[in-house]
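Participant: Order-wise, the sequence lines are chains A and B.
Remember, my numbering sits 1 above the position in the first sequence when you count from 1.
Residue -15 in my numbering sits at position 3 of the second sequence; the count goes up by one each step and never skips.
Please keep in mind that the hints were generated in silico from the structure rather than gathered at the bench.
A portion of the hints provided could be inaccurate.
What the hints assert, rightly or not - List time: in silico DMTMM-like cross-link candidates among lysine to aspartate or glutamate, alpha-carbon distance up to 25 Å:
id	chain 1	residue 1	chain 2	residue 2
1	B	Lys87	A	Asp57
2	B	Lys87	A	Glu104
3	B	Lys(-17)	A	Glu103
4	A	Lys25	A	Asp58
5	A	Lys25	B	Asp21
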Amino acid sequence: DAGVIQSPRHEVTEMGQEVTLRCKPISGHNSLFWYRQTMMRGLELLIYFNNNVPIDDSGMPEDRFSAKMPNASFSTLKIQPSEPRDSAVYFCASSSGGLPREEAFFGQGTRLTVV
Amino acid sequence: KNQVEQSPQSLIILEGKNCTLQCNYTVSPFSNLRWYKQDTGRGPVSLTIMTFSENTKSNGRYTATLDADTKQSSLHITASQLSDSASYICVVSAQQAGTALIFGKGTTLSVSS
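Input sequences plus hints: build the corresponding full structure.
Facilitator: Printed below as a string of structure tokens:
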């Protein structure tokens, strides 16, 4: 299995632009999680899906952030418009369990820089 | 307030030496505690997970302990190797609906030769 696949690995964009991050979970996993990691705040859970349905999006920082999971093998995290404070590493993870406390397998992350 | 505090923030040790990382939490009601290893530029990888009734769990040279009474956990690394250089993150789950996943900010370990 190739594991969780994220794209792109690196993204540099100008403030105000729309950014879309992509994730392909491990085949057969029914839960998907989006995390953000910064030096100041560490890892933060933004949103998680179970069976393609958003279960808890309380970690999404504001309305500029949105996430979708149109099918079991694909999810996107969109930021529109982007701001410099959104610069971080964004991780996608998937698991076969139904809750975030189950073991999750992480992708390699997308490093986003907003200038 | 649910919190997870890790210490030290960073640590440098010589190859072959042992070290212990600490995690204190105030999460309640407690569900489980997990230690992750995160190599530079990679996603976190789970090392161990412990529930309330477990005191010790090992994964190779990594041994995690849990004291649910004092709400403390430690990760002991034996005979460190250069490949142990990474960030180690303690994550505590609360036994409730929803996310209830609280992350520590991690300890950065550097093993030098």
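Participant: Compare the structure with each hint and give your call.
Facilitator: Hints and how they fare:
no.	hint	in the structure
1	B:Lys87 - A:Asp57	holds, 22 Å
2	B:Lys87 - A:Glu104	holds, 19 Å
3	B:Lys(-17) - A:Glu103	holds, 22 Å
4	A:Lys25 - A:Asp58	holds, 19 Å
5	A:Lys25 - B:Asp21	holds, 21 Å
Checked against the numbered hints given earlier, the structure satisfies every one of them.
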